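Protein chains in written order, with our numbering: chain B, 1 to 202; chain W, 1 to 304.
Please note: incorrect hints may appear among the correct ones.
Unchecked claim - Which chain W residues face chain B? A few, computed with CB under 10 Å, are given here:
id, residue
1, 30
2, 52
3, 55
4, 70
5, 226
Claimed, not checked - With a straight-line Cα cutoff of 30 Å, these simulated BS3-like cross-link-like pairs (lysine-lysine) come out:
id, chain 1, residue 1, chain 2, residue 2
6, B, 116, W, 30
7, B, 99, B, 42
8, W, 144, B, 116
9, W, 30, B, 82
10, W, 144, B, 75
11, B, 116, B, 82
12, B, 108, W, 30
13, W, 180, B, 52
14, B, 169, B, 99
15, B, 121, W, 77
16, B, 84, W, 30
17, B, 36, W, 144
18, B, 52, W, 184
19, B, 99, B, 75
20, B, 75, W, 30
21, B, 84, W, 144
22, B, 136, B, 82
23, B, 108, B, 167
24, B, 69, W, 76
25, B, 69, W, 30
26, W, 144, B, 52
27, W, 180, B, 121
28, B, 69, B, 180
29, B, 121, W, 30
30, W, 144, W, 76
31, B, 69, W, 144
Simulated from the structure, these hints should not be mistaken for lab results.
All values reported here derive from a predicted model rather than from experimental measurement.
Yeah, the Cβ is synthetic: ideal placement off N, Cα and C, and Gly gets one too.
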Amino acid sequence: MKHIVIKVILTISCLLLISNGTTWAHPHVFIEQNLKIIFDEKGVAGFNVHWKFDDMFSSMICEDHDVNKNGILEKTEVASIKEKAFSYIAEFDYFIYVKINGNPFQVKYVTDFSAKLDNGKLIYDFFIPCHVSAVKTLKHINIATYDPSYYSAVYFTEHRPFTIVNKNKFEANVEIKKDKSTLIYYDQINPWTLFLEFRLKQ
Amino acid sequence: MNKTYIIILLLCHFFLSVSATNASNPFTTKQEKQQNTSQPDTQKPLIKNKFFETIIFWQQQLRETMSHLIREARTKKSLVPFLILFVSGFAYGVIHSAGPGHGKAVALSYILSCKPNLLQSLIFGNLVALTHGFSGIVFVLIVKYLLQTSISTSLETMTNITQIISYSLITCLGLIILFKGLYKWFKNKTIHHKPHTKYFTNPFITAVAIGIIPCPGVVMVMLFAISMDLTWLGILLGTAISFGMATTITLIVIAGISGKIAVLSMASRHTRILTIIEHMIEIMAGLLTACLGFILLFSQFAVV
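Chain B with its partners taken away, still in its complex shape:
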């Protein structure tokens, strides 16, 4: 009798958990990413994001936007892609979640967007302005990239996942690892995150 009661409780709890589940989203788009950290005279100026999409998604976007089907994206086609296949993710902070010394920095806009095709694969490049002045003590910036709607999966590339530009005046260390303090995708995954620490050269 005791076992039956436990099983019924478990079944009901399972059904309740099932009811929490909804529709059909799961990764349909796969993105390889590398980040370029740009320094200026004062410190960090921002990040250049480079996304390479999988063949399947690339062909879908090309089908709609490479109007003359020549495998090259012209200016008007890039503008069309920016408007209809990029700008909407502004609602999701461009999938870039930044923390400066532990405090969230919301990505509200990006600049220098470009799109091109490389052997049939769609590539997006854009810049995220994020000015953080360097001081004598270490400052920490964490950059996690993920699609909260779970439609896309974003990965750092294995080869050169990041580069640093103009860091002569500064000491900077970068590490890419899972952010154990953050959970995404239904609390199942710790996102891969770029951890940057930097300061003025001593």
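We have chain B already, so just place chain W on it with the hints.
Quick look at chain W alone, frame taken from chain B:
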């Protein structure tokens, strides 16, 4: 405690408890900002499993393999890439539908509330997945060759329309199950074990209603094959993916039925308890199916 039962429940939990948010492609659809999108959860999850992360990785690898093999199939005349391609497509379908969604939750709720035998359950699970996959194939062929219009816009429109139809039907289905369960509860009818087909009269309409939304995974594979001038290969590959999805959903449905049978068989010695449990399962499944359908339907109108 029956170990098999616990495993089944954990499997159900793993595959079904995870909640998805929206099926729309965020790149090509304007969406309302979701709450807490920029503030991910920092609490410990109930269950955290590396397998979830692994299946995402495998999907990426299989997608890469498929696109590589499709390119190869275009140039080589050997059968080897085709065979590997179909195996990859099938495996992709299996893994793809093991993630959140694909109607598993609704299918399982429905199965739990009805009394199908194993064959009927297999038909039901397969129909859901095959409809989901084949609607993706048909959708691409219609949009590409008949309508000749924007794929991504059409996919969003088609998805919205089919979602509204599907979720409305799911809500109605849930309400029917709920009211049937309540009616029996108040009438205090006794449970009979023989007529297992009594309430499982027409699984086809239900399965089609659940699965009618085109699978974006199949749509993208089809489009890629078409871009390589291999439409026929896209259809075959879409079919292989659909059968892969059918395999996973079938396994989930069987697991659900096994769980239900385990509970009922444990209680079979106590007729009164058995009656109460079966009534409760039916009412709960109906209520949750109706709520699920209504919430999904409401979210569609909220987005629109």
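These are the hints, each one checked on the structure:
{"no.": "1", "hint": "30", "result": "5 Å, holds"}
{"no.": "2", "hint": "52", "result": "4 Å, holds"}
{"no.": "3", "hint": "55", "result": "9 Å, holds"}
{"no.": "4", "hint": "70", "result": "8 Å, holds"}
{"no.": "5", "hint": "226", "result": "8 Å, holds"}
{"no.": "6", "hint": "B:116 <-> W:30", "result": "22 Å, holds"}
{"no.": "7", "hint": "B:99 <-> B:42", "result": "19 Å, holds"}
{"no.": "8", "hint": "W:144 <-> B:116", "result": "23 Å, holds"}
{"no.": "9", "hint": "W:30 <-> B:82", "result": "13 Å, holds"}
{"no.": "10", "hint": "W:144 <-> B:75", "result": "25 Å, holds"}
{"no.": "11", "hint": "B:116 <-> B:82", "result": "11 Å, holds"}
{"no.": "12", "hint": "B:108 <-> W:30", "result": "16 Å, holds"}
{"no.": "13", "hint": "W:180 <-> B:52", "result": "52 Å, violated"}
{"no.": "14", "hint": "B:169 <-> B:99", "result": "23 Å, holds"}
{"no.": "15", "hint": "B:121 <-> W:77", "result": "25 Å, holds"}
{"no.": "16", "hint": "B:84 <-> W:30", "result": "9 Å, holds"}
{"no.": "17", "hint": "B:36 <-> W:144", "result": "38 Å, violated"}
{"no.": "18", "hint": "B:52 <-> W:184", "result": "57 Å, violated"}
{"no.": "19", "hint": "B:99 <-> B:75", "result": "34 Å, violated"}
{"no.": "20", "hint": "B:75 <-> W:30", "result": "23 Å, holds"}
{"no.": "21", "hint": "B:84 <-> W:144", "result": "19 Å, holds"}
{"no.": "22", "hint": "B:136 <-> B:82", "result": "40 Å, violated"}
{"no.": "23", "hint": "B:108 <-> B:167", "result": "25 Å, holds"}
{"no.": "24", "hint": "B:69 <-> W:76", "result": "24 Å, holds"}
{"no.": "25", "hint": "B:69 <-> W:30", "result": "26 Å, holds"}
{"no.": "26", "hint": "W:144 <-> B:52", "result": "25 Å, holds"}
{"no.": "27", "hint": "W:180 <-> B:121", "result": "53 Å, violated"}
{"no.": "28", "hint": "B:69 <-> B:180", "result": "44 Å, violated"}
{"no.": "29", "hint": "B:121 <-> W:30", "result": "24 Å, holds"}
{"no.": "30", "hint": "W:144 <-> W:76", "result": "26 Å, holds"}
{"no.": "31", "hint": "B:69 <-> W:144", "result": "14 Å, holds"}
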